[in-house]
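Asks: Can you build the whole structure from these sequences, using the hints too?
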Amino acid sequence: MQSHFLTAILKAMQLTVNGAPHSFEQNPNLSQLLETLKLTGNRLAVERNGEIVPRSQFGETVLADGDQLEIVVAVGGG
Amino acid sequence: MDELIIAGKSYASRLLIGTGKYKDFDETRRAVEESGAQIVTVAIRRTNIGQNAGEPSLLDAVPPSKYTYLPNTAGCYSADDAIRTLRLARELLDGHDLVKLEVLGDPKTLYPNVVETIKAAEILVKDGFKVMVYTSDDPIIAKQLEEIGCVAVMPLASLIGSGMGILNPWNLQIIIDNAKVPVIVDAGVGTASDAAIAMELGCDGVLMNTAIAGAGNPVLMASAMKKAVQAGREAFLAGRMPKKLYSASPSSPTSGLIGK
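Chains as they are written, first to last, in the working numbering: chain F, 1 to 78; chain V, 1 to 260.
There's no promise every hint is true.
Part of the chain F face toward chain V, derived, beta carbon under 10 Å [as the list claims (entries may be wrong)]: (1) M13; (2) N18; (3) G19; (4) A20; (5) K38; (6) L39; (7) E47; (8) P54; (9) V62; (10) A64; (11) I71; (12) V75.
Take a look, some chain F residues computed to stay more than 10 Å from chain V by CB distance [what the hints assert, rightly or not]: (13) A12; (14) E25; (15) N27; (16) S31; (17) N42; (18) A45; (19) G59; (20) D65.
DSSO-like cross-link-like pairs, simulated, lysine-lysine; straight-line CA separation at most 30 Å [what the hints assert, rightly or not]: (21) V/K119 x V/K108; (22) V/K126 x V/K9; (23) V/K23 x V/K66; (24) V/K130 x V/K108; (25) F/K38 x V/K66; (26) V/K23 x F/K38; (27) V/K130 x F/K38; (28) V/K21 x V/K66.
Please keep in mind that the hints were generated in silico from the structure rather than gathered at the bench.
Beta carbons are placed, not taken as given, at the ideal position from N, Cα and C, and that holds for glycine.
Replies: Laid out in structure tokens, this is it:
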């Protein structure tokens, strides 16, 4: 029971990325999140809780529990 | 040189094309090249999580170093969503501020919601964006969007993706006659003659996607559209002959006919 409880605590960090939930053991910064999601190197833009995060600030932007992230790219369109 | 000038920048091509609905990126690339377009529209969408890093991207097929990207707000039904999308686009494209604003009002017809469009245009212009705006063919709204500070007004010829052609040339004519910024027909062109008609009316350019991507041979249609836009533009500049109703005028001499 206790180990389950600990796991729940450790995994308590919850993010919503492009509408889907993601759990983390520790609060990652944005660069670490992109690395985990295998998105490093892609041309993309990120909005955190409705605010744009400039690419230059990805490394210093530490994410918090409950953050809502939108990660977008350019695709074909008319 | 007869160039299209948008927000102080000159373009030799008056054909703007979308990059959606192609079979693959190679077809996109070939159609864009064949069209001669210098401005291409792109959409901004959530990235696929778990996508392979090496997967081909639109940016490789149609590099932003070679073409002017025009990020759009396709699929947005409110001023807020459109503004958020374009702020993300500006960040994505390193501060690039030339954008296509479209705020839709109805998923079935994709008809623009001009009230939300005006709201969004006001905020975006204040925020430093150079806004090319998709709108209905209402001349009053078109003028208001120009007065807000939009750098181009882009009325529909008919519904997005319908290929129905130029349904109301009279409204387009009023918009063109009143405008001090470029007027670009956006949406509804189905085939080359539609693009030529738009240009003959005096439009400054034509923006299309499905007319090319939805053609049997998109690359060949891209070539046809390039020529149609050029032909229509030249006909407009040349000034067409007046229409003479009910009175023919022979092209050959009326004297010197044999047997008279």
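Asks: Each hint: holds or not?
Replies: Comparing the hints with the structure gives:
1. Violation of the interface hint for F/M13 is found here, the shortest Cβ-Cβ separation to chain V being roughly 17 Å, above the 10 Å cut-off.
2. The criterion of a C-beta within 10 Å of any C-beta in chain V is met by F/N18, whose closest approach is roughly 4 Å, and the hint holds.
3. Hint status for F/G19 relative to chain V: holds, with the closest Cβ pair at about 7 Å, below 10 Å.
4. Annotation: F/A20 was flagged as interfacial toward chain V, and the flag holds, the nearest CB pair being 7 Å apart, inside 10 Å.
5. Hint status for F/K38: holds, given a least beta-carbon distance of 6 Å to chain V, under 10 Å.
6. Given the 10 Å rule on beta carbons, the hint for F/L39 holds: about 6 Å separates it from the nearest Cβ of chain V.
7. Checking F/E47 against chain V: minimum C-beta separation of about 6 Å stays under 10 Å; hint holds.
8. At a threshold of 10 Å, the smallest CB-CB gap from F/P54 to chain V is about 7 Å, leaving the interface hint in force.
9. The beta carbon of F/V62 comes no nearer than 19 Å to any beta carbon in chain V, farther than 10 Å, and the hint placing it at the interface is violated.
10. Taking 10 Å as the C-beta contact cut-off toward chain V, the hint placing F/A64 at the interface is violated, the least distance being around 20 Å.
11. Among the interface hints, the one on F/I71 holds; its C-beta lies about 5 Å from the nearest C-beta in chain V, closer than the 10 Å criterion.
12. At a threshold of 10 Å, the smallest CB-CB gap from F/V75 to chain V is about 5 Å, leaving the interface hint in force.
13. With a minimum CB-CB distance of about 21 Å to chain V, F/A12 clears the 10 Å threshold, and the non-interface call stands.
14. At roughly 18 Å from the closest C-beta of chain V, the C-beta of F/E25 stays outside 10 Å, upholding its exclusion from the interface.
15. Non-interface status of F/N27 relative to chain V is upheld: no Cβ of that chain comes within 10 Å, the nearest being about 19 Å off.
16. Every CB of chain V is more than 10 Å from the CB of F/S31 (nearest about 15 Å), matching its label as outside the interface.
17. Some Cβ of chain V comes within 10 Å of the Cβ of F/N42; the nearest lies about 7 Å off, and the non-interface call is violated.
18. Non-interface status of F/A45 relative to chain V is broken: a Cβ of that chain comes within 10 Å, the nearest being about 4 Å off.
19. With a least CB separation of 16 Å from chain V, F/G59 remains clear of the 10 Å interface cut-off, as annotated.
20. With a closest Cβ-Cβ approach of about 19 Å to chain V, F/D65 is found to remain outside the 10 Å limit, as its non-interface label requires.
21. With a C-alpha separation of about 22 Å, the suggested pair V/K119 and V/K108 falls inside the 30 Å cut-off, and the hint holds.
22. For the suggested pair V/K126 and V/K9, the alpha carbons sit about 20 Å apart, so the restraint of at most 30 Å is met.
23. For a cut-off of 30 Å, the pair hint linking V/K23 to V/K66 stands: about 22 Å separates their Cα positions.
24. Restraint check for V/K130 and V/K108: satisfied, since their Cα atoms lie roughly 29 Å apart, inside the 30 Å limit.
25. Distance restraint check for F/K38 and V/K66: the Cα-Cα separation of roughly 28 Å lies within the 30 Å cut-off, and the hinted pair is therefore satisfied.
26. Taken as a hint, the V/K23 and F/K38 pair is honoured in the structure, with Cα atoms around 26 Å apart against an allowance of 30 Å.
27. Proposed proximity of V/K130 and F/K38 is contradicted: the alpha carbons are some 34 Å apart, above 30 Å.
28. A threshold of 30 Å between alpha carbons decides the hint, and for V/K21 with V/K66 the separation of about 21 Å falls inside it, so the pair holds.
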